[in-house]
Amino acid sequence: MSEAALAGPLRLDAEVLDNRPEGGQSFRLRLAAPGWPGAAPGQFVMLSPGARGAAERHDPLLPRPMAVYRTLGGEGAPAVEILYKVMGRGTQLLAETRAGERVRMVGPLGAPFPLPRAGERALLVGGGTGIASLYELALRARERGPVEVLLGARSAADLMGRADFAALGVGLRVATEDGSAGARGLVTELLEVALAEAADAPLVYACGPTPMMRRAAALAAARGRRCVVSLENHMACGFGVCLGCAVPRAGGGFALVCRDGPVLDAGAVAWAGLP
Amino acid sequence: MSPRVDPSVDLGGIRLRNPVLTASGTFGYGSELAPFIDLRRLGGIVAKSLTLEPRQGNPPPRIAETPAGMLNAIGLENVGVDAFIAEKLPLLPAELPVIASVFETEIDRYAEVCKRLTGVPRVAGLELNASCPHVKSGGIEFGQRPALLAELVRAARAATSLPLLVKLSPNVTDIGEMARVCEGEGADGLSLINTLQALDVDLATRRPVLRNGLGGLSGPAIRPVALRMVWQAARAVRIPVCGIGGIVSAEDALKFLICGARAVQVGTANYLNPAAALEVADGIEAYAAAHGFARVADLVGTLEWPERG
Chain A
215 MSEAALAGPL RLDAEVLDNR PEGGQSFRLR LAAPGWPGAA PGQFVMLSPG
265 ARGAAERHDP LLPRPMAVYR TLGGEGAPAV EILYKVMGRG TQLLAETRAG
315 ERVRMVGPLG APFPLPRAGE RALLVGGGTG IASLYELALR ARERGPVEVL
365 LGARSAADLM GRADFAALGV GLRVATEDGS AGARGLVTEL LEVALAEAAD
415 APLVYACGPT PMMRRAAALA AARGRRCVVS LENHMACGFG VCLGCAVPRA
465 GGGFALVCRD GPVLDAGAVA WAGLP
Chain G
21 MSPRVDPSVD LGGIRLRNPV LTASGTFGYG SELAPFIDLR RLGGIVAKSL
71 TLEPRQGNPP PRIAETPAGM LNAIGLENVG VDAFIAEKLP LLPAELPVIA
121 SVFETEIDRY AEVCKRLTGV PRVAGLELNA SCPHVKSGGI EFGQRPALLA
171 ELVRAARAAT SLPLLVKLSP NVTDIGEMAR VCEGEGADGL SLINTLQALD
221 VDLATRRPVL RNGLGGLSGP AIRPVALRMV WQAARAVRIP VCGIGGIVSA
271 EDALKFLICG ARAVQVGTAN YLNPAAALEV ADGIEAYAAA HGFARVADLV
321 GTLEWPERG
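Top line first, the protein sequences correspond to chains A and G.
Note that the numbering used here numbers the first sequence so that position 74 is 288, with each residue one more than the last.
Note that the numbering used here numbers the second sequence so that position 261 is 281, with each residue one more than the last.
Hints are computed from structural coordinates only; laboratory data are not their basis.
C-beta: ideal position from N, C-alpha, C; glycine also.
Heads up, a few of these hints could be off.
[Said to hold, decoys possible] Residues of chain G clear of chain A, computed beta-carbon distances all greater than 10 Å:
| id | residue |
| --- | --- |
| 1 | Pro-166 |
| 2 | Leu-219 |
| 3 | Val-245 |
[What the hints assert, rightly or not] Distance windows between CB atoms, simulated:
| id | chain 1 | residue 1 | chain 2 | residue 2 | range |
| --- | --- | --- | --- | --- | --- |
| 4 | G | Asp-220 | A | Gly-314 | 34 to 40 Å |
| 5 | A | Met-301 | G | Ala-54 | 51 to 57 Å |
| 6 | A | Ala-432 | G | Pro-166 | 51 to 57 Å |
| 7 | G | Gly-159 | A | Val-407 | 50 to 56 Å |
| 8 | G | Asp-220 | A | Gly-222 | 31 to 37 Å |
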């Protein structure tokens, strides 16, 4: 999908269809999203921190940016699926929302991943909650060429969406820091191997903790490959007006993660300046 | 059926179809919100503060969440006055009153920005952001010293024939005095409050949470403080006051009107809900109708203060 074809974002009080634990501190949230235009791979939504009751809640105040994991359902009843991990009060409240309650959702937002050219092999590297940004990309890239997905997390329970990726029939390798699933170690160690094996993969996609993406970018650059990353950051709005999510650009100045990203070329980011 | 209410107000010579504007720095240059709402339904917008030259702003972290509020230190990031006029204004519907916010570090630069905005057909008025640190006074805000504030308003007044609002800093002892200073120098109205100077600390690093150190506190946490200051300022002057500070709902905005604000600005709430200002405007009108006010303006300053004794 070209950027010009991206549909405008919506703002809706979306009904929770389902919100269940996925293992570890991870949850899978499904929201009814009438009128949802679909999200391009890598786009995100802003979600209110918890259910919206009769009385407004102002603490915590700000919505949370969440990757769109995937869009379900047909044109009749689209639903948005979000995989998230309980990290603090906002996500804790989100985890406590029940089917039938409503959360405010604004989206889809942000600049998506570029898709691989037809016939090109795609290398996807996801770490922790960053995995949630990669499912739609794997789905779309699979239509164009071979896809290798490398997933990493602290332990097996934190490997969100692993079974979904396996069901896609893409190449899948996992690593955990405690060795409870796949190789023991970091996902970037898998990437080192994959880069050596796959000379036909010109583009590496990475989403995860900053040190992971920085390492992935360095590994890709050392092999002459391009790397695109999907950055996370705190933001108040998600649509370019709070200016809170600025990250330094390699050439000077700042990019807004919400508007210029979340997907950015790894070479465009001044990694040392990230908080 | 509720009777028809006239929601329009006059804010220092700026005619607004309803009393709800969006606050500077929370609504970009307006067009960012066009995907979500019909901008023509707003009372008006106060655009992101403009400086003479484009500015990049502060390194991150620039924002942090606090109890029922947030801290920010964005640091002057803006496209500059000329790019605003050439590139941002034309994107806005003609029916939308646009107030340009002016922010600088020196008085002559403030005046120059005011001059460049004057005569631009789409600019309905100016809002002077007096919370900028004055470099020559060691970083104190213009709005914190009566003499400095007077000098600033005088220079801006001389530079423009547009309706001139002054956005007051709340980081002062006597807001009434600051309000009178602005009125005395020819301001057409006041906007208050700007963010409260604030600090939060990261215990893991023992550093301020913001890269800038200090930040400005906004959101529902500051609302009662803002309401008090608006009430004090409105009693101190005859020029109209625009109330700002943590307004999320129509109920919040109504309290500001009752305390003497002719209009209000919705700020941080725009982040949570891009339609917040429209919902506030609709709710004000509904309240006026339900309580028998023919005009929203008739609600202004109707606070009944308890008798002493």
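Hint check:
{"no.": "1", "hint": "Pro-166", "verdict": "holds, 31 Å"}
{"no.": "2", "hint": "Leu-219", "verdict": "holds, 17 Å"}
{"no.": "3", "hint": "Val-245", "verdict": "holds, 15 Å"}
{"no.": "4", "hint": "G:Asp-220 <-> A:Gly-314: 34 to 40 Å", "verdict": "holds, 36 Å"}
{"no.": "5", "hint": "A:Met-301 <-> G:Ala-54: 51 to 57 Å", "verdict": "violated, 33 Å"}
{"no.": "6", "hint": "A:Ala-432 <-> G:Pro-166: 51 to 57 Å", "verdict": "holds, 56 Å"}
{"no.": "7", "hint": "G:Gly-159 <-> A:Val-407: 50 to 56 Å", "verdict": "holds, 54 Å"}
{"no.": "8", "hint": "G:Asp-220 <-> A:Gly-222: 31 to 37 Å", "verdict": "holds, 35 Å"}
This entry does not satisfy hint 5, going by the numbered hints stated previously; all others are met.
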